[in-house]
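**Student:** Taken in sequence, the protein lines are chains A, B, C and D.
Everything in the first sequence is counted per this note's numbering, starting at 15 for the first residue and increasing by one.
Everything in the second sequence is counted per this note's numbering, starting at 15 for the first residue and increasing by one.
Everything in the third sequence is counted per this note's numbering, starting at 15 for the first residue and increasing by one.
Everything in the fourth sequence is counted per this note's numbering, starting at 15 for the first residue and increasing by one.
Please keep in mind that the hints were generated in silico from the structure rather than gathered at the bench.
Hints are all accurate, no fakes.
The list cannot tell twin chains apart, which means a pair is met if one copy fits it or any two copies do.
Taking lysine to aspartate or glutamate and the EDC-like style, the derived pairs with C-alpha atoms no more than 20 angstroms apart in a straight line are:
#, residue 1, residue 2
1, K281, E309
2, K291, E311
3, K287, E309
4, K281, E90
5, K281, E239
Number of protein chains: 4
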Amino acid sequence: MPLSPEQEAEIASLRTQTRPTLRPVSEGVERHLYLAHPVLDHGFVRVIDYMGDDAAICQAARVSYGKGTKSVQNDEALIRYLMRHWHSTPFEMCELKLHVKLPVFVARQWIRHRTANVNEYSARYSILDREFYIPEESTLAAQSVVNNQGRGETLTPAEAARVLHWLKSDATRAYDHYEAMISQDGQQGLARELARMNLPANIYTQWYWKVDLHNLFHFLRLRAEAHAQYEIRVYAELICKIVADWVPLAYGAFADYRLGGVTLSGKAVECLKRMLKGEVVTQETSGMSKGEWREFEGLIG
Amino acid sequence: MPLSPEQEAEIASLRTQTRPTLRPVSEGVERHLYLAHPVLDHGFVRVIDYMGDDAAICQAARVSYGKGTKSVQNDEALIRYLMRHWHSTPFEMCELKLHVKLPVFVARQWIRHRTANVNEYSARYSILDREFYIPEESTLAAQSVVNNQGRGETLTPAEAARVLHWLKSDATRAYDHYEAMISQDGQQGLARELARMNLPANIYTQWYWKVDLHNLFHFLRLRAEAHAQYEIRVYAELICKIVADWVPLAYGAFADYRLGGVTLSGKAVECLKRMLKGEVVTQETSGMSKGEWREFEGLIG
Amino acid sequence: MPLSPEQEAEIASLRTQTRPTLRPVSEGVERHLYLAHPVLDHGFVRVIDYMGDDAAICQAARVSYGKGTKSVQNDEALIRYLMRHWHSTPFEMCELKLHVKLPVFVARQWIRHRTANVNEYSARYSILDREFYIPEESTLAAQSVVNNQGRGETLTPAEAARVLHWLKSDATRAYDHYEAMISQDGQQGLARELARMNLPANIYTQWYWKVDLHNLFHFLRLRAEAHAQYEIRVYAELICKIVADWVPLAYGAFADYRLGGVTLSGKAVECLKRMLKGEVVTQETSGMSKGEWREFEGLIG
Amino acid sequence: MPLSPEQEAEIASLRTQTRPTLRPVSEGVERHLYLAHPVLDHGFVRVIDYMGDDAAICQAARVSYGKGTKSVQNDEALIRYLMRHWHSTPFEMCELKLHVKLPVFVARQWIRHRTANVNEYSARYSILDREFYIPEESTLAAQSVVNNQGRGETLTPAEAARVLHWLKSDATRAYDHYEAMISQDGQQGLARELARMNLPANIYTQWYWKVDLHNLFHFLRLRAEAHAQYEIRVYAELICKIVADWVPLAYGAFADYRLGGVTLSGKAVECLKRMLKGEVVTQETSGMSKGEWREFEGLIG
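Isolated chain A, as found in the complex:
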């Protein structure tokens, strides 16, 4: 269980302290505030704060004096128009602040999204907990033979068992030595900033991560997608659910135009037009490479 009783009590206490505000309030995301949604074996996602709601997107797009809302239907049509025509600035007017606990190798992928604000737990200053991501057997997959950066078949039980044994015993030993190095019991103790180098990439870290809705959608589009690594995708999928509760109209437009949408090249569009006129188009007559044709066939079923 990721939280201590003290932490659970702190969170429960925060959830009782309602205060009045004149700001826009999204009931949907208020229900999530402070709660730790579990992810993987020791990770979580907590909503710490948010700014704005669907109406705030419209209000900013209209640079209006009041709420910017005429009706929910108008707002939905405007939001879908903005999404369809790649208007990014109104979506930047909303912010979400999360507290995330995640394995270091996931954090390394995540941090590559530069347009966010981050405060990470400091292993120069503090001591990391003894918590490592150990995959479930069902997620232990072999290297893909078609995709150089993906997974293929699930490992055999014997192969999986061997992998899990190594992951657990190496992590345990590395952490034992980390603790022994920094111990101040009968010795000075190695500096934390040095001792941390012995810890493997499946140890958990945590951070506060704040991002605007436009950049969050960009993150979700890349990380909630089928080709994203499973271990970051489960975080992205959970955040998708939170965003759907927070800004349902914007999330609906995102789901239709981005998550569910496809981008076609000029060549692909030409092929489509020919196919719609009844022509049979093959890879050879398409002008596309084999890889592009395979992806094109995947898109249009």
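Dock chains B, C and D against chain A, hints included.
**Tutor:** Chains B, C and D in isolation, oriented as in the chain A frame:
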């Protein structure tokens, strides 16, 4: 007066609609929400939304589960430490969203601060109002003779009167023609995106501007400073007051370390050390250029 | 003519001063260096510097020790793969630095692309030239009746003549007064930072603008597109030609996947699949709004 | 030795291939191009490309048509003025592209500087080499007792020996298991994206890192500073030397105003003024906290 009765009524209505939230609330900035604080002759600054407070800065710095507040004294010491040592990420955890009405030539300076989110009223889509910035006579100053990008003495009354006459009559004529060009009365009417090119840089525009506290402090440090152009400085000074109400501890640290602080070169530090030992240092013996020495003397009185 | 004889001579001189370098060189863009390509009536685009070429994109994608080039075919396939799968970082490894002269109202649109570096000619410090954008009669179009932020029919000759008269005479008068205000002949002269407010938005400004290739492609995709305002589109179209000479493989992929490509919503993809199976789909049976259906029909012809 | 003979040969070959260019050339940095400067036990820094030189900074600040250089003295005075007055955009006009090999725990600190472009060697796609950072005994320091995120005394020989033994044996074992997990010899082999989680934070990674000079100075100011962790500081110090060769005037201004400069709070300035008038000021009469006073005493000697 910048606002219409309908706009005033919309704002008054918003200020009555308190709702409960679990988020951190800053009483100090709630008092400002939605109100139009006047700036220059037709401009204003309105707080539309905010995220976070002083405690949120500490909470993020500590990556904590609860409020992150042990005591106000602890929070103040931590915030001052963070400011003194150039830690930027905890301050990025707070956001302020403003609605600003401002002359175009001020907007052109302001927008150079790239790390903010902006939605500007579109003159391609909408018709601009007939409102121009006409300076008060007391602010009509001559080109500085010592600073190539500053102001010197106030103009003579006759010179000022001539300037004001031109500013008013040229703006009036330009706007008359703008209106006549886009009019659809007996003609098609020129596209708005073209007609706007006839309008001078003292016409007012407006935008929603959202920025995190770290980048806001950077803006205020440069624009609330004595060398900033008066017409943007008055906006910055007003925003300083709002920020002081919103996050008083962070603003206090900013006022002491940034607004009131000075940066000295290595050469200047060497001179200071010599002076503190009783040596009389002059520009000639300082190793500094005349310009640097003049600025150094200004700093240490 | 936009350049003075002195400026022409400076540029000609720069074009004679070849020096040896160990860096990658793109012959295609060397041909453009320093030359002023005219745009609109007084504007121009000049290439001042560049970093990288097509091979540099591949080299960065491979994090390689050498040139990263195995063959041009390999490079092209890799670049098309990167573009198709939204890999942005390898394209960020190339940079282009331009000197651009452009009307202020175009500059105001342009600057909204925040991920670039800009040094603008300062009208606080310097005096602007007497140069205004006066459209050709053929580009003077009426407000569109279908698109609130676009142009429709060309104006009648009489209406156009009236518009041109106003644009010219208002600009002339505004500049005359600008000059008279700042004149130090028999008076102190108004500060430049104030006098500039009398100048209309069709006056020319200029800046150095530096951007990486990924963000440049984003700019070009939005501004070389049919719905962009004509006055910025002509700049974007010229830059497209320069980029095609500089990084022909990357530009080819961009032209196919972005400029020539389309993005379809999930709903649109479902319709396409039904149509490819022979079903007749109409707006009523599509699940799309009228606006979306009209745009969808436009895309698939 | 970090490079293979093939890599050495590739680099040597690149250094023979001079080509003519019309762009500005900095002789000082051309001497570094492609060469691997060693850092730590297996790391390096290689200059891959650059854009601009000292004159380009001035040229951009002046938005000039030609070289922007009147004389080296003028350029130096202008560059020092720009640095002193926090003008950032002219420095953004220069770019440096590096190939860096560095331990993962250093990479994690480095990447927090978001305003740079990065392509990292992918451990989802490729297999990492068996190379780990093992500190020299002289750098193995205890946790500081005054600074919670720093180092204190050097460890005793016995304590150091124990630490080195653990670092080496744990890394060896982790890598052995990593290799065994991904091996396709008699098994499918675990996906690389999973197997990498077993590797400790002292394994080496590598990336292409491109940054403009303004943001590079910000990085160097924080990371070449005495409180930075030793393992990142040695990279920053090496890059300082490269930058000094590339843009000597800009580096000189940076060294004086930033690296060698100090920032004083308003309170500290008041104390200084009193001290310069002969008053004896103590912490008690300074208005500063004990921590601030200790730092203030450190600055002014």
